[in-house]
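S.K.: Here is how the chains run, residue by residue.
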Amino acid sequence: MTTAGAVAGDPRALLPPDAPVRLLDDEGGLHEADAFPLDLKDADLVALYRFMVLARRVDRQAINLQRQGQLGVYASLLGQEAAQVGPAYALGDPDWVFPSYREMGAALVRGIDPAAILHMFRGTWLAGHDPYDANFALLSIPIGTQALHAAGFAMAAKLDGAGLVAMSFFGDGATSEGDTHEALNFAAVFDAPCVFWVQNNQYAISVPLSLQTRAPTIAHKAVGYGMPGYRCDGNDVLATYAVARRAVDRARRGGGPSLVEAVTYRMEAHTTADDPSRYRTETELGEWRAKDPIARYETFLRREGLLDDALSEEVEQEARELVARVRGEIYDAPHGDPLELFEHVYVEPGPHYDEQRRQLRRELDGAGEA
Amino acid sequence: MTTAGAVAGDPRALLPPDAPVRLLDDEGGLHEADAFPLDLKDADLVALYRFMVLARRVDRQAINLQRQGQLGVYASLLGQEAAQVGPAYALGDPDWVFPSYREMGAALVRGIDPAAILHMFRGTWLAGHDPYDANFALLSIPIGTQALHAAGFAMAAKLDGAGLVAMSFFGDGATSEGDTHEALNFAAVFDAPCVFWVQNNQYAISVPLSLQTRAPTIAHKAVGYGMPGYRCDGNDVLATYAVARRAVDRARRGGGPSLVEAVTYRMEAHTTADDPSRYRTETELGEWRAKDPIARYETFLRREGLLDDALSEEVEQEARELVARVRGEIYDAPHGDPLELFEHVYVEPGPHYDEQRRQLRRELDGAGEA
Amino acid sequence: MAVTMAQALNTALHDAMEADDRVVVYGEDVGMLGGVFRITDKLQERFGATRCFDTPLAESGIVGTAIGMAMYGYRPVVEMQFDGFTYPAFEQITSHLAKMRNRSRGTVTLPVVVRIPCGGGIGAVEHHSESPESYFTSTAGLRIVAPGVPGDAYALLRRAIESADPVVFLEPKRRYWAKEDLDLPIETAPIGRALVRRPGRTATLVTYGSMVRTCLEAAEAAQQEGWDLEVVDLRTLVPLDTDTVVDSVARTGRALVVHEAQVFAGFGAEVAARVGERAFYHLEAPVLRVGAYDIPYPPAKLEHYHLPDVDRVLDAVEQSLEY
Amino acid sequence: MAVTMAQALNTALHDAMEADDRVVVYGEDVGMLGGVFRITDKLQERFGATRCFDTPLAESGIVGTAIGMAMYGYRPVVEMQFDGFTYPAFEQITSHLAKMRNRSRGTVTLPVVVRIPCGGGIGAVEHHSESPESYFTSTAGLRIVAPGVPGDAYALLRRAIESADPVVFLEPKRRYWAKEDLDLPIETAPIGRALVRRPGRTATLVTYGSMVRTCLEAAEAAQQEGWDLEVVDLRTLVPLDTDTVVDSVARTGRALVVHEAQVFAGFGAEVAARVGERAFYHLEAPVLRVGAYDIPYPPAKLEHYHLPDVDRVLDAVEQSLEY
Ligand SMILES: Cc1ncc(C[n+]2csc(CCOP(=O)(O)OP(=O)(O)O)c2C)c(N)n1
Ligand SMILES: Cc1ncc(C[n+]2csc(CCOP(=O)(O)OP(=O)(O)O)c2C)c(N)n1
Ligand SMILES: [Mg+2]
Ligand SMILES: [Mg+2]
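Residue numbers (the numbering used here), protein chains in the order written: chain A, 1 to 370; chain B, 1 to 370; chain C, 1 to 323; chain D, 1 to 323.
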């Protein structure tokens with residue numbers, strides 16, 4: 001019986017391989033995989049390290065700023081540096097990132113000023129950067145929603161004949177939202193050059209993966225959309241890079257979207273407002289600490305002779321400067337003009353807005369008098 | 001690396017078999033399949049036939065009623081009789097059905113009066129039956145939404161220790177909705193005794209399956225939820241029965257949900273308001289006409305000596321009587337009391353409703369005077 | 001030439017696509033079928049399946065991808081098949097479409113039009129006759145346009161597609177087949193301008209969408225009673241042209257807001273509250289609201305009891321005059 | 001005993017689960033974590049993971065399954081983690097939760113409570129400070145409850161869980177930590193009754209939720225000006241206790257509606273419109289509305305400019321008195 005929707009080709013080909021792609025072993029030894037060639041020069045290898053370290057240092061600074069009352073809240077990426085830096089590094093300049101709220105690492109790679117990200121967490125404004133500056137969309141807070149923006153952007157790019165790729169970042173929890181499903185499906189149906197990058201950090205706030213899905217792995221979800229699903233060790237930056245690279249190249253060549261699961265762990269609280277002691281054990285945390293993405297990669301680089309103490313100190317120095325600058329920009333950053341609240345809602349606001357602006361001005365004047 | 005969410009067992013086991021389950025060949029010859037044993041007595045075999053014929057006759061009557069201006073609209077099941085009667089017949093009395101708007105066949109099997117269904121299409125009221133009478137939920141119009149009600153109902157049944165199964169019917173188009181995704185995922189995570197029954201009739205109104213999904217088959221979507229996906233020839237009532245039976249038994253035994261794709265074809269327009277000549281060819285329709293689910297099954301029954309002209313005429317006679325009764329009940333059925341509009345919105349309506357009732361009564365009186 | 005609202009909308013889409021390559025039209029069944037109301041009829045034939053295309057059945061997907069396409073630089077005009085099927089897209093509309101420009105400090109503009117065939121009166125089954133405007137009017141960042149006649153449907157849809165701000169475009173589906181003598185293309189006032197469609201002195205009917213025609217008919221009928229009703233067609237709900245409404249009420253001293261949606265917490269409440277604020281000393285009677293009952297949309301056979309009609313409008317006018 | 005609103009809500013859930021086996025509590029992070037605001041703290045420990053459990057991250061899934069569970073016979077109390085994350089569930093709430101009873105001619109009742117921590121003032125990032133009430137008030141079939149003080153939070157949540165009709169329960173999250181002296185359990189008026197929380201003669205402040213406290217503070221402060229303000233706490237938005245409001249306004253002659261939501265097309269419009277209709281001859285000034293600006297919720301550092309406060313209320317009172 002041939003019918004529309006009958007099996008085309010061998011669906012087994014869609015199943016992700018059993019084990020996550022891993023290029024670095026626990027001791028930092030490199031084992032290349034044919035299917036995921038590494039095309040990185042020494043400078044690139046060092047750059048990956050640099051971005052991971054910078055991300056971690058900025059992240060720590062952000063947590064401190066929050067503790068000091070300078071940020072309202074902050075969502076740490078500790079432990080997920082490789083899961084963000086690898087894929088972001090696999091993108092080219094014209095490509096776009098559609099991040100969630102935890103993507104400081106990806107932001108850094110794209111050249112976004114970390115202070116811009118922190119302005120959102122501080123509440124200086126609702127977002128801190130111009131997405132068109134570095135092709136990095138605004139951080140998206142409603143879970144899964146940005147995957148649809150990525151799919152639409154990629155549909156547009158394809159329509160326009162642009163050879164660019166849109167990469168959407170989201171978490172394991174986000175895979176449960178209807179929007180994520182619709183995004184995967186739209187991207188597949190329209191052959192959109194889109195990569196769905198899932199950081200499976202094992203938790204959605206307190207909810208563990210086992211309560212989130214019964215899929216064998218998140219990568220298996222790709223089967224239902226007829227797209228490839230890849231799975232990689234999210235704490236191995238060479239693996240995240242190589243797998244992302246393959247997915248990105250495929251999309252750029254017109255091969256359509258894919259779904260990648262980077263298996264990792266959130267070593268910090270969900271956000272600074274969270275208390276992880278309520279839902280996870282020190283033992284579990286300890287196991288993952290032992291898989292630290294930066295430590296493992298550092299061993300590799302040192303082994304390869306690509307990193308020595310001098311270079312390490314150079315990166316630390318850069319990190320210190322960056323962190324100091326970020327701290328300087330955020331600490332006691334002015335709150336901005338309340339009248340700006342009416343500026344950006346519409347390109348063409350109604351007359352109503354003039355009244356409201358006048359009312360606020362009156363209130364401000366009144367408060368000034370008091 | 002063992003991580004939460006690592007591969008448990010062999011995910012290949014989740015892949016649906018390449019070919020749809022089919023027990024009857026084109027000539028009505030029976031080929032039993034080990035994995036899907038048939039436990040049907042002769043009386044059951046005849047009952048399946050009877051329901052399919054009744055469904056088709058009532059369906060035709062409904063279309064005529066619509067043409068005569070008696071129904072506002074009607075969504076035909078022509079060609080999908082086997083895809084509905086088989087699964088509904090696989091359910092036990094305590095089980096529940098959560099249908100879409102096209103489930104006249106399933107309704108008949110459950111013992112719902114077809115006139116009740118048609119009252120909805122007539123617009124006498126928004127729904128025509130009491131779901132608790134035959135464990136058949138109200139027809140659901142917003143696509144995919146009822147799958148969540150089924151999942152929740154099954155979650156409740158499990159919590160309550162009831163050995164019942166909830167079966168949700170929806171279409172190929174519905175698989176694209178976020179709600180359907182969330183339903184499959186909730187059911188899987190909570191091991192809910194739920195069967196998701198997809199009638200893949202190749203179209204969502206005018207949109208063909210190829211624009212709806214790139215999954216190899218709809219059954220493959222099960223992989224992403226870690227549940228079994230089955231695929232059956234939706235025009236073979238023995239196959240739909242046997243596959244449904246397996247999914248239902250599994251759920252009842254505590255094995256959790258499954259997704260079944262019944263490959264079939266909508267031989268009529270989407271609804272009476274639709275013009276299929278705009279989007280599909282006579283050739284395609286002809287191919288599917290040749291696969292008529294009733295004709296094929298009739299050949300089988302005759303071959304087996306279970307059906308002869310007398311029995312066939314008996315069923316036709318029953319159909320004529322049913323159809324006449326339905327027509328009698330629907331034709332010029334009174335419109336009901338407008339004041340009932342306020343009756344059922346709340347168990348405890350606010351005082352506001354008294355005012356509105358009074359206003360409508362005044363309007364009715366006023367109109368009466370005029 | 002007598003043009004139906006459906007034709008006017010179809011022509012507006014056609015002309016907008018002709019005028020600007022970046023305009024793409026998509027949704028469920030808008031391609032080969034031309035939409036269930038044929039508003040997109042022949043657009044795929046004329047502009048190809050890259051500019052007018054069908055999507056999977058997922059409204060959040062439709063609006064969410066439109067946001068992405070607009071970020072890229074396209075101007076998507078998407079169709080929600082019916083009012084009641086807009087609700088799955090509620091989050092994308094409310095949290096992103098309406099707010100992204102503000103969030104981005106004006107760097108991201110989203111010129112998206114969400115077309116919604118709205119309202120009842122066509123004998124449909126449930127979920128096909130909703131008046132969802134109040135779900136959107138309290139969301140800053142959206143422009144809400146609600147034409148009542150073919151000419152406005154054409155001109156305002158063209159304006160909506162040219163708008164840099166996202167627009168929710170409410171089409172009164174029971175008026176799709178109503179005709180007006182028009183020579184398309186036409187121009188009209190920009191988004192945000194109400195129109196006194198009929199001058200009068202006894203009282204002001206403030207209305208929009210499907211009720212424009214009902215109010216004009218009521219005004220005709222009212223002449224028998226010696227009442228000379230003014231009809232203000234809002235045309236746009238957000239931004240609301242309060243001045244035109246208040247000017248009118250200042251002249252007539254009486255206002256009635258007429259819409260198809262339920263009265264309780266309907267958009268009429270906003271109009272009534274504003275008129276109450278701005279025209280306090282002019283009002284000779286309270287602002288009365290005429291709409292549907294505060295119940296879920298009824299079954300087809302009972303909908304005419306629910307929907308406001310000429311009689312209900314005139315009853316309210318009488319009530320107003322009794323003050 | 002001094003009880004915070006968070007404790008009162010937690011106790012209400014506890015007591016309801018104790019009283020009725022059919023009550024189940026679920027949502028995102030409500031189990032081990034006890035909810036991000038700890039409103040469900042220790043319920044899983046006490047009642048087990050079958051009666052208080054975490055779900056996958058999907059709000060439509062949460063409300064949709066609650067409908068199914070209620071059809072079966074349970075009484076689900078589900079939590080939306082924040083106001084802004086209710087929107088993905090909008091379709092299930094609007095098309096089914098609100099309408100299923102009516103559709104089924106009363107054969108299906110859905111005793112579901114959707115708890116929503118609402119509003120701003122806590123310095124949160126975007127989508128965590130929304131006032132979504134107007135998205136629900138115009139949907140017939142829902143009861144909308146909006147307590148402002150711990151005692152009402154307890155008593156009304158108990159009533160909501162006992163309600164056969166679905167309830168959207170709006171919790172003013174910035175008041176979670178406000179205290180009241182209470183000996184729980186307490187009883188209070190049924191859903192649908194407003195309360196004159198402070199009698200006065202100069203003008204009536206009509207309010208609910210987080211603004212109850214602000215209005216009481218404003219009334220205190222107003223004494224300095226020699227104004228004696230009456231404060232009516234609506235407590236329930238649907239059904240609305242219009243009589244209590246109108247009685248009050250009839251006495252004071254002036255009304256101000258105060259809420260945290262934006263003014264344009266906010267729920268205050270309904271209150272203002274009704275008061276305008278019912279108290280026309282009593283009004284010495286137009287009903288004024290006090291709320292937030294008609295803009296997306298601002299960044300944390302600017303939210304205090306946006307939110308109505310004592311000063312904004314008093315300014316409006318002054319304005320009212322100038323008529
Ligand atoms: C639609 C929506 N629902 C709920 C939330 C509240 N929330 C914020 S983060 C989060 C968990 C997200 O988990 P995951 O997708 O795994 O990403 P992670 O935080 O682990 O990076 C939740 C429930 C939200 N932001 N959006
Ligand atoms: C949420 C929603 N969106 C759109 C519609 C309009 N609509 C009704 S039926 C239909 C196609 C459904 O296709 P499918 O799921 O394949 O079921 P079938 O009609 O083929 O049985 C559409 C788009 C709807 N009812 N609900
Ligand atoms: Mg996570
Ligand atoms: Mg179909």
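Everything labelled a hint here was simulated from the structure, so no lab data went into it.
Positions of the beta carbon are idealized from the N, C-alpha and C atoms, including for glycine.
Warning: the hint list may mix true and false statements.
[Claimed, not checked] Here are the simulated distance ranges between beta carbons:
#	chain 1	residue 1	chain 2	residue 2	range
1	B	A19	A	A35	51 to 61 Å
2	D	D311	A	D275	32 to 42 Å
3	D	I122	C	P185	48 to 58 Å
4	A	A35	B	S210	20 to 30 Å
[To be verified] Here are some chain A residues pointing at chain B (derived, C-beta under 8 Å):
#	residue
5	V53
6	R57
7	L211
8	A215
9	P216
10	Q356
S.K.: Please write out, lowest number first, the hints stated earlier that are contradicted by the structure.
M.R.: 1, 5, 6, 10
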